[in-house]
Structures are given as C-alpha cells and as structure tokens.
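Sequences are here, hints too, so could you generate the full structure?
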Amino acid sequence: MARTIRIQSEPFDTAVETAILTEGRADIGAVVAFTGLCRDEGGRLAALELEHYPGMAEAEIDRIAGQAESRWPLLGLTVIHRFGRISPGEEIVLVLAASAHRQAAFEAASFLMDYLKTQAPFWKREHLKDGTTGAWVEAKEADDRAMERWA
Amino acid sequence: MARTIRIQSEPFDTAVETAILTEGRADIGAVVAFTGLCRDEGGRLAALELEHYPGMAEAEIDRIAGQAESRWPLLGLTVIHRFGRISPGEEIVLVLAASAHRQAAFEAASFLMDYLKTQAPFWKREHLKDGTTGAWVEAKEADDRAMERWA
Amino acid sequence: MKLVYFAWVRERVGKTDEDVELPEGIGTVADLVRWLKGRGEEYSYAFENEGVVRAAVDHVHVKPEASIAGAREIAFFPPMTGG
Amino acid sequence: MKLVYFAWVRERVGKTDEDVELPEGIGTVADLVRWLKGRGEEYSYAFENEGVVRAAVDHVHVKPEASIAGAREIAFFPPMTGG
Chain W
0 MARTIRIQSE
10 PFDTAVETAI
20 LTEGRADIGA
30 VVAFTGLCRD
40 EGGRLAALEL
50 EHYPGMAEAE
60 IDRIAGQAES
70 RWPLLGLTVI
80 HRFGRISPGE
90 EIVLVLAASA
100 HRQAAFEAAS
110 FLMDYLKTQA
120 PFWKREHLKD
130 GTTGAWVEAK
140 EADDRAMERW
150 A
Chain A
0 MARTIRIQSE
10 PFDTAVETAI
20 LTEGRADIGA
30 VVAFTGLCRD
40 EGGRLAALEL
50 EHYPGMAEAE
60 IDRIAGQAES
70 RWPLLGLTVI
80 HRFGRISPGE
90 EIVLVLAASA
100 HRQAAFEAAS
110 FLMDYLKTQA
120 PFWKREHLKD
130 GTTGAWVEAK
140 EADDRAMERW
150 A
Chain R
0 MKLVYFAWVR
10 ERVGKTDEDV
20 ELPEGIGTVA
30 DLVRWLKGRG
40 EEYSYAFENE
50 GVVRAAVDHV
60 HVKPEASIAG
70 AREIAFFPPM
80 TGG
Chain H
0 MKLVYFAWVR
10 ERVGKTDEDV
20 ELPEGIGTVA
30 DLVRWLKGRG
40 EEYSYAFENE
50 GVVRAAVDHV
60 HVKPEASIAG
70 AREIAFFPPM
80 TGG
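Chains as they are written, first to last, in numbering that gives the first Met the number 0: chain W, 0 to 150; chain A, 0 to 150; chain R, 0 to 82; chain H, 0 to 82.
Treat the hints with caution; some may be incorrect.
Derived pair list, reagent style SDA-like, types lysine to any residue, alpha-carbon separation capped at 25 Å [as the list claims (entries may be wrong)]:
no.: 1; chain 1: H; residue 1: K62; chain 2: W; residue 2: T117
no.: 2; chain 1: A; residue 1: K139; chain 2: W; residue 2: Q102
no.: 3; chain 1: H; residue 1: K62; chain 2: H; residue 2: I25
no.: 4; chain 1: R; residue 1: K14; chain 2: A; residue 2: A138
no.: 5; chain 1: H; residue 1: K62; chain 2: W; residue 2: A58
no.: 6; chain 1: W; residue 1: K128; chain 2: H; residue 2: G37
no.: 7; chain 1: R; residue 1: K62; chain 2: R; residue 2: E20
no.: 8; chain 1: H; residue 1: K14; chain 2: H; residue 2: S43
no.: 9; chain 1: R; residue 1: K36; chain 2: R; residue 2: R71
no.: 10; chain 1: W; residue 1: K139; chain 2: A; residue 2: H100
no.: 11; chain 1: H; residue 1: K62; chain 2: W; residue 2: P53
no.: 12; chain 1: H; residue 1: K14; chain 2: W; residue 2: G83
no.: 13; chain 1: H; residue 1: K62; chain 2: W; residue 2: G65
no.: 14; chain 1: W; residue 1: K128; chain 2: W; residue 2: E89
no.: 15; chain 1: A; residue 1: K139; chain 2: W; residue 2: D26
no.: 16; chain 1: W; residue 1: K139; chain 2: H; residue 2: R9
no.: 17; chain 1: H; residue 1: K62; chain 2: W; residue 2: E140
no.: 18; chain 1: H; residue 1: K36; chain 2: H; residue 2: L2
no.: 19; chain 1: R; residue 1: K36; chain 2: R; residue 2: N48
no.: 20; chain 1: R; residue 1: K62; chain 2: A; residue 2: W135
no.: 21; chain 1: H; residue 1: K1; chain 2: H; residue 2: G37
no.: 22; chain 1: W; residue 1: K139; chain 2: W; residue 2: P53
no.: 23; chain 1: H; residue 1: K62; chain 2: W; residue 2: R148
In case anyone wonders, no lab produced these hints; they're calculated from the structure.
Right, here's the structure in full:
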C-alpha cells in the first residue's frame with residue numbers, strides 16, 4: 000500500500016499529493032482529505048509556532064498509520080505535518096485516506112487525526128497580534144476523549 | 000454561510016473549490032474533502048453512466064445541505080455531483096465541509112455522502128469493457144443502514 | 000399533469016415523460032400507479048413490484064399514500080444510486 | 000545517556016538536551032525524574048507536576064514505571080498538541 004509520511008516546514012499541495020495517491024488506479028472509490036488550518040482565534044493570533052521532536056514524530060506517525068492500515072482496507076495513506084511558524088489561514092496538517100469505499104476512508108482519516116492530536120510529538124505555541132509570544136496551547140480533554148473512541 | 004451546489008457533466012477541480020471556500024478566512028480550522036471516484040470493478044467496467052433528475056437533484060442536495068448546516072457549526076459547504084459517462088479513475092462527486100473544528104467537518108461530510116447515496120436522484124448504469132451495456136447499479140442495503148445512523 | 004420516468008422505470012415504460020389527463024378519483028400516488036398499470040404491459044412491467052419504484056411530487060420524495068392534488072410533475076424512478 | 004526536552008519543559012529546564020551520567024539505582028523513568036528534580040530549581044520547576052510531563056524512551060511513549068536500561072535517548076515534554 001502507498002504510504003507517505005512527511006514532516007516539513009514548507010507548505011504542501013493537496014492536489015499533487017492526491018494525484019500521487021490515485022494516478023493510474025481504478026480500484027480507489029473514495030478519497031478523504033483532511034486539512035487542518037491555522038485559525039486566528041478571532042483576530043488574536045499573528046501565528047502559531049509548531050515545535051516537534053524530529054525522529055520520533057516520523058516514527059510515531061508511521062506507527063499510527065500502520066494501525067490504521069491494519070484496521071481498515073486502505074489503498075493509500077498520506078500524512079504531512081508541518082512545523083515552524085504558520086500564519087492564520089495556512090495549512091498545518093494533511094491526512095489523505097484512499098479506499099474502495101467511503102466508510103473506511105472516512106474512519107481512517109478521522110482516526111489518524113485523533114491520534115495525531117494526542118500522540119504525535121508536536122507542540123503549538125501562540126504568537127499574538129500585539130507582537131508578544133503567547134502561551135503554549137494546552138492539550139484538550141475533548142481530544143483525549145475523541146481518541147478513546149477507537150480503543 | 001458559503002454554500003455551493005452544482006450538478007455538471009464536466010470534471011471539477013477540488014483545489015479551486017477548496018480555495019473558494021477558504022480564501023481570505025482565518026476562522027476555518029478544518030476542511031474535509033470527500034471525493035468519490037469511478038472504479039473499474041476489477042477491470043470489468045469501461046465506464047459508469049450517471050442519469051439524474053434535473054431540478055430535483057439540485058433541490059434535494061440543497062435540502063440535505065440545509066440539514067447538515069443546522070446540525071453542525073459549518074463555515075462552508077460545497078457539493079458537486081457529475082452526470083453523464085464517467086471513466087474509471089475519474090471523479091464522480093465532491094463534498095467539502097469546512098468548520099472551526101475537525102469533528103463537525105468529518106461528520107457533516109460523512110452525513111452528506113450517506114444522504115447523497117440514498118436520497119439524491121441519481122442512477123448509475125454500467126458500461127462493460129466488452130462494449131455491451133451492463134446493468135443498472137442496484138441500491139445497497141448497507142447504504143440505507145449508513146443513512147439511518149443520522150436519524 | 001406531467002409524468003417523468005428515470006433509469007429502468009423509464010426504459011420499461013419506454014418514454015422519458017408524458018402528459019396525462021387523470022380520470023376522477025385518482026387522489027394519491029398509489030391511485031396513480033394503479034391507474035398506470037391498467038394502461039398497458041409496459042406500465043405493469045415497470046410497476047410490477049410497487050414497493051421498489053419511488054415517487055416524487057414536484058421534486059419532493061413522497062410515499063404511495065401522498066396526495067397528488069395540484070401537482071405539476073410526478074416522477075417515478077428506482078432507488079437512488081448516486082454519490 | 001542523552002536527555003532531550005521540548006516545549007515548556009525545555010524552557011523550564013533551560014536547555015534543549017544534555018548528556019548525563021546516572022548514578023546506580025536509577026532503573027525507571029520515575030527514578031530518573033526524581034533524580035533530575037534533585038539537580039536544581041529549573042528541574043523541580045519543570046517536573047513540579049509529575050503527572051503532566053510525558054516521557055519517551057528511544058522515540059517510544061512510555062509510562063513512569065518503564066525501564067530505562069539500555070536507553071540511548073530519553074525525552075520529556077508536555078502533552079502533545081499536534082494536528
């Protein structure tokens with residue numbers, strides 16, 4: 000199965016990544032693309048800064064991707080997670096899941112996002128519009144609960 | 000809320016549709032894009048032909064979109080459904096759901112697909128590789144059950 | 000009143016649409032189907048299993064017991080297979 | 000043994016990483032945290048709420064009771080907020 004995992008500071012191109020996953024194939028019936036974007040939190044934020052643990056981030060996402068592949072009949076999986084300074088409106092994360100049928104693609108993409116939120120070694124901190132450095136974003140209990148759905 | 004609904008024979012460009020939905024905004028944190036593609040069913044199919052009920056197709060999808068907007072806090076919704084002859088590997092349907100958070104975007108896109116499958120007036124027939132016209136695709140009980148999840 | 004047909008219902012009836020003058024006493028979709036089935040083999044074939052064919056009155060899905068009073072366009076079609 | 004720190008754990012400790020020589024008897028992640036807290040205020044501040052700080056041994060998430068025998072790199076960080 001085509002599995003692509005990348006951690007990068009540069010933006011990604013969802014159309015290119017989707018084409019790589021589907022080109023020349025006629026067995027894929029469903030592709031779910033999840034894109035996570037940086038919000039400005041009502042005008043409060045100038046940027047989010049994403050710190051990550053190089054090496055472990057790739058290993059952990061690879062492990063989560065392997066779990067998704069063993070749970071659903073996937074035909075392709077792409078996870079790209081950015082790090083560094085990201086402005087409101089910019090993309091942070093992309094998950095692509097391809098399958099013959101929609102249910103597997105939807106569930107795998109949702110599962111991957113819940114795990115990325117709570118298990119992948121990334122940390123966000125806020126940079127405020129007034130030029131100051133804001134707080135580290137706190138982990139949300141709702142994200143832990145979302146992950147527990149899959150246990 | 001930005002709501003786009005189109006029934007067309009031409010292909011669509013997911014990147015363009017996504018840009019229209021998100022451009023210049025900083026309140027969207029999650030975009031889920033579902034793409035449904037024509038499969039060749041193990042090499043058996045030359046094409047799918049999609050017949051639709053003009054007028055009702057738009058009205059019904061608009062009604063379903065309205066339901067999705069009242070159930071989830073969406074910031075944008077796009078549904079494009081093609082008709083006519085579609086070859087394996089080509090796109091049939093696109094659903095884009097944008098929201099501040101991922102759960103609403105995932106659920107709304109999944110809901111819309113379940114409803115499109117069972118409630119939107121489209122009918123698929125197979126064209127076989129041997130040049131003959133195959134059968135009309137039969138509705139699946141699994142799709143009805145998937146829709147009942149949302150009742 | 001305009002009747003429209005789709006997919007294999009259209010193929011069995013042998014036309015995409017038609018205008019009909021209904022006799023007195025046809026009040027519901029079920030009444031209309033019963034009347035159509037008396038018009039010829041192509042109709043009795045199309046509606047041979049009444050539980051399968053779906054109907055819409057003026058672009059809205061309806062049940063067999065729905066009234067057709069005042070309807071402009073009534074459509075008959077198989078279960079949908081879009082998406 | 001290499002220790003690495005991320006996010007506010009890194010800021011509180013005041014360094015991104017360091018190499019340490021552990022004394023005898025440090026067998027688990029919890030032992031290591033206890034030993035670090037004795038090394039200075041910056042460590043006791045970083046680990047003031049031990050239930051919050053997460054650990055990974057050689058890139059794998061572990062619990063406090065996990066063994067650190069043979070580990071090359073041990074990381075400490077706050078709960079993850081990726082995605």
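Each hint, compared with the structure:
{"no.": "1", "hint": "K62(H) - T117(W)", "verdict": "holds (15 Å)"}
{"no.": "2", "hint": "K139(A) - Q102(W)", "verdict": "holds (14 Å)"}
{"no.": "3", "hint": "K62(H) - I25(H)", "verdict": "holds (15 Å)"}
{"no.": "4", "hint": "K14(R) - A138(A)", "verdict": "holds (23 Å)"}
{"no.": "5", "hint": "K62(H) - A58(W)", "verdict": "holds (18 Å)"}
{"no.": "6", "hint": "K128(W) - G37(H)", "verdict": "violated (39 Å)"}
{"no.": "7", "hint": "K62(R) - E20(R)", "verdict": "holds (22 Å)"}
{"no.": "8", "hint": "K14(H) - S43(H)", "verdict": "holds (14 Å)"}
{"no.": "9", "hint": "K36(R) - R71(R)", "verdict": "holds (21 Å)"}
{"no.": "10", "hint": "K139(W) - H100(A)", "verdict": "holds (12 Å)"}
{"no.": "11", "hint": "K62(H) - P53(W)", "verdict": "holds (21 Å)"}
{"no.": "12", "hint": "K14(H) - G83(W)", "verdict": "holds (19 Å)"}
{"no.": "13", "hint": "K62(H) - G65(W)", "verdict": "holds (22 Å)"}
{"no.": "14", "hint": "K128(W) - E89(W)", "verdict": "holds (16 Å)"}
{"no.": "15", "hint": "K139(A) - D26(W)", "verdict": "holds (19 Å)"}
{"no.": "16", "hint": "K139(W) - R9(H)", "verdict": "holds (21 Å)"}
{"no.": "17", "hint": "K62(H) - E140(W)", "verdict": "holds (19 Å)"}
{"no.": "18", "hint": "K36(H) - L2(H)", "verdict": "holds (14 Å)"}
{"no.": "19", "hint": "K36(R) - N48(R)", "verdict": "holds (11 Å)"}
{"no.": "20", "hint": "K62(R) - W135(A)", "verdict": "holds (23 Å)"}
{"no.": "21", "hint": "K1(H) - G37(H)", "verdict": "holds (18 Å)"}
{"no.": "22", "hint": "K139(W) - P53(W)", "verdict": "holds (23 Å)"}
{"no.": "23", "hint": "K62(H) - R148(W)", "verdict": "holds (21 Å)"}
The structure fails to meet hint 6 from the earlier list, while all remaining hints are met.
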